[in-house]
Amino acid sequence: MFYFSMFIQYVGQYMKTRLEYRADMVVELLSDMLFQITNLVFILVVFGHTQFLSGWTRDEIIFIYGFFLVPYAIFGAFFNIWDFNERYIVKGEMDRILTRPIHSLFQVILERMDLESLFGAVTGIFIMGYASIQLGLSFQWYDLLLFIVFAISGALVYAGIFVSLASIGFWSDSPTSLMPMMYNIGNYGRYPVDIYNSVIRFVLTWILPFAFVGVYPAAFFLEKEEWYVYSFLTPVMGLVFFIISVILWNSGVKKYRGAGN
Amino acid sequence: MDKYIEMIRIRFLMMLAYRTNYYSGILIYSINIGAYYFLWTAIYGGKESIEGLSVVQMTSYIAVSWMARAFYFNNIDREIALEIKEGKVAVELIRPYNYLGMKTMQAFGEGVFRLVFFSLPGMVIVGLVFPMEFSTNGATWLFFACSLVFSFIINTQINLITGLLTFFLFNNDGLMRAKRVIIDLFSGLLLPISFYPLWAQNIMQYFPFQAISYIPSMIFTEGIEGNEVFQAILLQGMWAIILLIPIQMLWISAKKRMIIQGG
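Those sequence lines, one after another, are chains A and B. Position 225 of the first sequence, counted from 1, bears residue number 225 in UniProt numbering, the numbering being contiguous throughout. Position 258 of the second sequence, counted from 1, bears residue number 258 in UniProt numbering, the numbering being contiguous throughout.
In short, the hints are calculated from the structure, not lab data. Among these hints, one or two may not hold up.
Incomplete in silico selection of chain B near chain A, CB under 8 Å [what the hints assert, rightly or not]:
#1 Ile31
#2 Leu100
#3 Gly101
#4 Met102
#5 Leu175
Quick caveat, the model's predicted, so the values are computed rather than measured. We put the beta carbon where it would ideally sit given N, CA and C, even for glycine.
Using the sequences and the hints, build the whole thing.
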């Protein structure tokens, strides 16, 4: 309960600071949307030249992309910690965090919140809606429930990987360069993993399981039965990876000695 | 002139001091190119060629686009925005050099560093792993180099414009991000312009973006040849000149209405 009221208070403060630079916020929302459209344009242009991508149709790929945007937006809004190392460890901000009686990761998350990212989920839902009309998909009442579970699990997969990466910062000095790499690799989970060779597919499934953010859960709604096992593994992978990352974080915090003096 | 060359050297040495980041950069680019390689192989399926590019040419196109990006890409828009916000730009203005010229030189030092320590080794690695075609024609390499210099100039000019807009917008992170996305998409980095539907190509030819990535990559993969190469480079040169106008206008009016935030 205490954590919940902390969350609400941070959101309130966040709104105030954001409304200060209102024009900038609008441009930022637009540029986010532009970014999402860029990837859509890529898919559309590519399918102007081909009918199938390893047996997947254009609208199926669009659906997967739309789905991917939802967990990605949740992740972007709450786990915007790509500059954790520079901000908190190099500059010693972590000292301040550790003197307070709330879990350190939770505080970092609250401070780095980026709620505008959530608009990406709206774009994603629109794109999914468009694709499902094109594909004539039918939905059951429990699909909505599964969608929420899958979207949150996907966000947890992302969060797990990035929190783990941030935790490395407690031990080593410069892991920051790994972060952009992860952002790139994250994108590959959007495409049907059967187009990659088996090594990459294995990596995207079990080591950096980004396929669980895009293609695997989306395959369920596309009624691709051969992938159902993977679809239902999504919540498991999300929880496992997130728990591992919190354990890593906690042991990292114990190692933390503070910066400078 | 000496002080500008000195600035290139200083920036180059500065980058050298922080070079560990760039080793992982090579890895990032290679992974990126690798993923695109698989994606494009799947897109081509069994097809011989799409829009006149074979799958091998396409892979080379993607690889060279990303490696060229390492050279022309720079963050001077962000640097300028930061210096404006922190009020440092006032000090820069009284120094005995042209501020924008100096920024360009810094970007150039950074570009040369990345070209030598990043693009060249990266290209060798990528060339070993994926099937690619390198031209054996010396003229192609020469035109490519020439065109790459223009890519740098045009991209830097666009960065100067976005950076200078901070004078008018105060906080333009959103705009800078939008610019980056637009350049990736419309410059031909992600997709050759010839893949777009005709109506989109017609619109894009009125913007300077394809001069940044599409032209050098097409020259390199010999997707355009002969007379077209000259025309393409001429087009780049034209944009490099046209873009000077908005930069000068922004710069003059920015100096007049400088407001230092909290400086």
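Structure versus earlier hints - violations, ascending order
2, 3 and 4
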